[in-house]
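Trainee: Protein sequences appear in the order of chains A and B. Sequential numbering from 61 applies to the first sequence in my numbering. Sequential numbering from 52 applies to the second sequence in my numbering.
Worth double-checking, as some hints may not be accurate.
Claimed, not checked - Output of the computed footprint for chain B on chain A, the stretches with three or more beta carbons under 8 Å from beta carbons of chain B:
| hint | stretch |
| --- | --- |
| 1 | 162-173 |
| 2 | 217-230 |
As the list claims (entries may be wrong) - Away from chain A, derived, C-beta distances all over 10 Å, residues of chain B:
| hint | residue |
| --- | --- |
| 3 | G136 |
| 4 | L140 |
| 5 | G141 |
| 6 | S142 |
| 7 | A143 |
| 8 | S149 |
| 9 | G151 |
| 10 | T153 |
| 11 | S155 |
| 12 | L158 |
| 13 | G160 |
| 14 | G162 |
| 15 | T163 |
| 16 | A167 |
| 17 | G175 |
Since the hints were derived computationally from the structure, they do not count as laboratory data. C-beta atoms are modelled at their ideal positions from N, C-alpha and C, and glycine is treated no differently.
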Amino acid sequence: MRFLRPTPRRIAVLVAATIGVGAGAAYAASLSVGSWHLWAGSQALTKATCTLGASATTDTYVAQGSPGTSFGTNTTMLVRSNASSQDWSFIRFDLSSCNIPATGGADSATLTLTVTSAPGNSRTITVTPVLSTWSNTLTWTGAQSLSYGAATTTFATGTTTGTKTATVTVDVDNLIKSSTANFGWRLSDGGSGNQTTTFGTSQNGTAANRPQLVINYEK
Amino acid sequence: MRHLTKALAFSLAVAAAFAACAAAATLAVGSSKLSAGNATVSACTSSLSATRNVSNAGNVTQVNVAGIPTACSGETLSVTLVGAGNAALGSASATVGSCGTTCSATLTGFGTVSAASVNGYSFGLTGA
Numbered sequence: 061m062r063f064l065r066p067t068p069r070r071i072a073v074l075v076a077a078t079i080g081v082g083a084g085a086a087y088a089a090s091l092s093v094g095s096w097h098l099w100a101g102s103q104a105l106t107k108a109t110c111t112l113g114a115s116a117t118t119d120t121y122v123a124q125g126s127p128g129t130s131f132g133t134n135t136t137m138l139v140r141s142n143a144s145s146q147d148w149s150f151i152r153f154d155l156s157s158c159n160i161p162a163t164g165g166a167d168s169a170t171l172t173l174t175v176t177s178a179p180g181n182s183r184t185i186t187v188t189p190v191l192s193t194w195s196n197t198l199t200w201t202g203a204q205s206l207s208y209g210a211a212t213t214t215f216a217t218g219t220t221t222g223t224k225t226a227t228v229t230v231d232v233d234n235l236i237k238s239s240t241a242n243f244g245w246r247l248s249d250g251g252s253g254n255q256t257t258t259f260g261t262s263q264n265g266t267a268a269n270r271p272q273l274v275i276n277y278e279k
Numbered sequence: 052m053r054h055l056t057k058a059l060a061f062s063l064a065v066a067a068a069f070a071a072c073a074a075a076a077t078l079a080v081g082s083s084k085l086s087a088g089n090a091t092v093s094a095c096t097s098s099l100s101a102t103r104n105v106s107n108a109g110n111v112t113q114v115n116v117a118g119i120p121t122a123c124s125g126e127t128l129s130v131t132l133v134g135a136g137n138a139a140l141g142s143a144s145a146t147v148g149s150c151g152t153t154c155s156a157t158l159t160g161f162g163t164v165s166a167a168s169v170n171g172y173s174f175g176l177t178g179a
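Only chain A is shown next, with the shape it has when bound in the complex:
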């Protein structure tokens, strides 16, 4: 029992140890409460579909063989692969009637074209975003000075007439977010040979042959 004998030194050590343990617990708890921020919230999205037809379409084609001629009033537009006599088609849609805010976005976007005269062999049409302005008076010469982005997608023409679709979601999503840069697409055939694919334009006499852009979007 000698070790229990109270001495001033033992009493001081015991009191100090007790105070230290208690104070440590209280300090750690108050630090963790006061030092954190916390916030949680949510944002709901509205889904809708916008279909753009002839009235919102500008389209034309240009011909290397007629570099100064515009074909903006034609009822068809051509895409030809001939390396020395290519034809390119151009198409764009005015998205303003869809009233999609710049904070929205495309969930999917599908460009539908109608082949009114099919090539003998199925062709791969390359869809390339145009990055500078053009009108339906565009010529081959004028098309050479336009700026183009990286090709978005391709689609096969097949060898029969009828509708063909191209997925252009990422381009339309970009157009929604930057409505001042809507210059549409160029359709070209970089394959070999001399094959021509003919598409109906927005001025085609048959409504079903006119281009269409369907946008499923959120806002």
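Put chain B on the given structure of chain A with help from the hints.
Mentor: Same frame as chain A, now just chain B:
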């Protein structure tokens, strides 16, 4: 022994007093975690909104959150893509960096989530 008895009594009294403080502090921590708007847990913003980019296949590639108050700089922003029935379709988090007038954050890594299936975003901001 009388000195020892007094010393022990004093020590126990001091220990009890601090134990009471510690217990109160622990209780305060627990109730703050469970309560919205507790005075000891503050928020650096009251709302956020996001936009997202998609691939041509229509999958979400990134979520952009702009207009974050500068008070949130350095905090961790978590975004969950919410689908039908409030199902969590994918989540990602990022640290809100230093910024000027307002902050922004770009989050990637949500996995393969169709944008068409996303009905909303859920946000969380935590930090010191």
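Trainee: Looking back at the hints listed earlier, which ones does the structure fail to meet?
Mentor: 16 and 17
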